[in-house]
Amino acid sequence: MAYCNQCGEKIQKGATFCDHCGASLVDEESENPRLYGQPPPLPNAESSPEPAPSEPEEKSYPAGHVPNHLVKAIIATLCCCMPAGVAGIVYAAQVDGHLRSGDLAAAQESSKKADFWSNLAIAGGFIVGIFYFLAALADQGAGGF
Amino acid sequence: MQIAKGARISGGERRQAARTLAIVSLALAALYCIALYYPLGQYSFYPRCPWKLVTQTHCPGCGVLRGVTLMVHGDLLALARFNLLALAALPCLAFHFLSILCAAALGYRPPSLSLGRRGIHALLVVLVLYTLARNLIPTLAPGHYAGPS
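Protein chains in written order, with our numbering: chain A, 954 to 1098; chain B, 3 to 151.
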């Protein structure tokens, strides 16, 4: 039995994508399934040949391949009034730059940072909102009936 | 800047889209109800912009709360008075919301405009210029309204 090395779920023999997490099970360089303890499957006449990505080192990935979280960063900047939202936009730009130059690992790293800073900005806005809500409640309490 | 082609998405991405859709819809519904039943100006729990409290200048987002809450009450042009940038962003956000809806419901991500690195940097420049302009040109400042920023 083979397991997906992204999520650890069992996968069917010969599958090119994991049913559970959707991760590609085909190694881009060797085109062999990246399975634990599984020899490369024999060429199967039934399976349609997967179009092999040519020259993976110089491949430039299509936009949208890695989420850049731009929309979230813009919402965070406009609604939460936080410089952290601007950091999110800067990292979103880096995601697209890295994708253009084909550096998938760096793009994923920037994607995580864009997500983190946008979430931080939204959380900051939330805390400010709660602070004002509590201040308004305290004001009513002090103001009497 | 380029068009990202539409594509069928994997089950994992579809679940992710459904989760995003649920969170965004719930938040929008909650904010709509708050804005409708607790009008801005009559209640003091609405937050003020921390940037404005500290620097005494308008941030790029100042006026969004006033504009959006007034829109809930039928003043559809309120956002034009309070934040032009947010007004420009509104159709893009609506399109993005519909794409997430489509991804979650049909498992298909529709084509979208991808700004690319240069496009996003241009957006940052626009953001900074807009912030400068609304602090220097009185007609671009958030509309005069006795309420929170």
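Hints listed in this document are in silico derivations from the structure and should not be mistaken for laboratory results.
On a predicted model such as this, the values are computed, not experimentally measured, just so you know.
One should not assume that every hint holds.
What the hints assert, rightly or not - Label-pair restraints from in silico Cβ distances: (1) A:Leu-1090 <-> B:Tyr-110: 26 to 34 Å; (2) B:Leu-92 <-> A:Ile-1080: 19 to 27 Å; (3) A:Ala-1076 <-> B:Leu-95: 32 to 40 Å; (4) A:Ala-1076 <-> B:Val-56: 31 to 39 Å; (5) A:Ala-1059 <-> B:Tyr-34: 33 to 41 Å; (6) B:Leu-30 <-> A:Gln-1061: 40 to 48 Å; (7) A:Gly-1082 <-> B:Gln-4: 36 to 44 Å; (8) B:Thr-141 <-> A:Ala-1058: 30 to 38 Å; (9) B:Leu-134 <-> A:Phe-1084: 24 to 32 Å; (10) A:Gln-1061 <-> B:Leu-142: 35 to 43 Å; (11) A:Asn-1072 <-> B:Ala-31: 14 to 22 Å; (12) A:Gln-1061 <-> B:Leu-28: 41 to 49 Å; (13) A:Phe-1084 <-> B:Gln-44: 37 to 45 Å; (14) A:Ala-1091 <-> B:Ala-124: 38 to 46 Å.
Said to hold, decoys possible - Result set (DSS-like, lysine-lysine): computed pairs, CA atoms no more than 30 Å apart in a straight line: (15) B:Lys-7 <-> A:Lys-1066; (16) B:Lys-54 <-> A:Lys-1066; (17) B:Lys-7 <-> A:Lys-1065.
For every residue, glycine included, the Cβ atom is placed at its ideal position computed from N, Cα and C.
Each hint tested on the structure:
no.	hint	verdict
1	A:Leu-1090 <-> B:Tyr-110: 26 to 34 Å	violated (46 Å)
2	B:Leu-92 <-> A:Ile-1080: 19 to 27 Å	holds (26 Å)
3	A:Ala-1076 <-> B:Leu-95: 32 to 40 Å	violated (20 Å)
4	A:Ala-1076 <-> B:Val-56: 31 to 39 Å	violated (19 Å)
5	A:Ala-1059 <-> B:Tyr-34: 33 to 41 Å	holds (40 Å)
6	B:Leu-30 <-> A:Gln-1061: 40 to 48 Å	violated (29 Å)
7	A:Gly-1082 <-> B:Gln-4: 36 to 44 Å	holds (37 Å)
8	B:Thr-141 <-> A:Ala-1058: 30 to 38 Å	violated (48 Å)
9	B:Leu-134 <-> A:Phe-1084: 24 to 32 Å	holds (29 Å)
10	A:Gln-1061 <-> B:Leu-142: 35 to 43 Å	holds (39 Å)
11	A:Asn-1072 <-> B:Ala-31: 14 to 22 Å	holds (21 Å)
12	A:Gln-1061 <-> B:Leu-28: 41 to 49 Å	violated (28 Å)
13	A:Phe-1084 <-> B:Gln-44: 37 to 45 Å	violated (20 Å)
14	A:Ala-1091 <-> B:Ala-124: 38 to 46 Å	holds (45 Å)
15	B:Lys-7 <-> A:Lys-1066	holds (25 Å)
16	B:Lys-54 <-> A:Lys-1066	holds (26 Å)
17	B:Lys-7 <-> A:Lys-1065	holds (23 Å)
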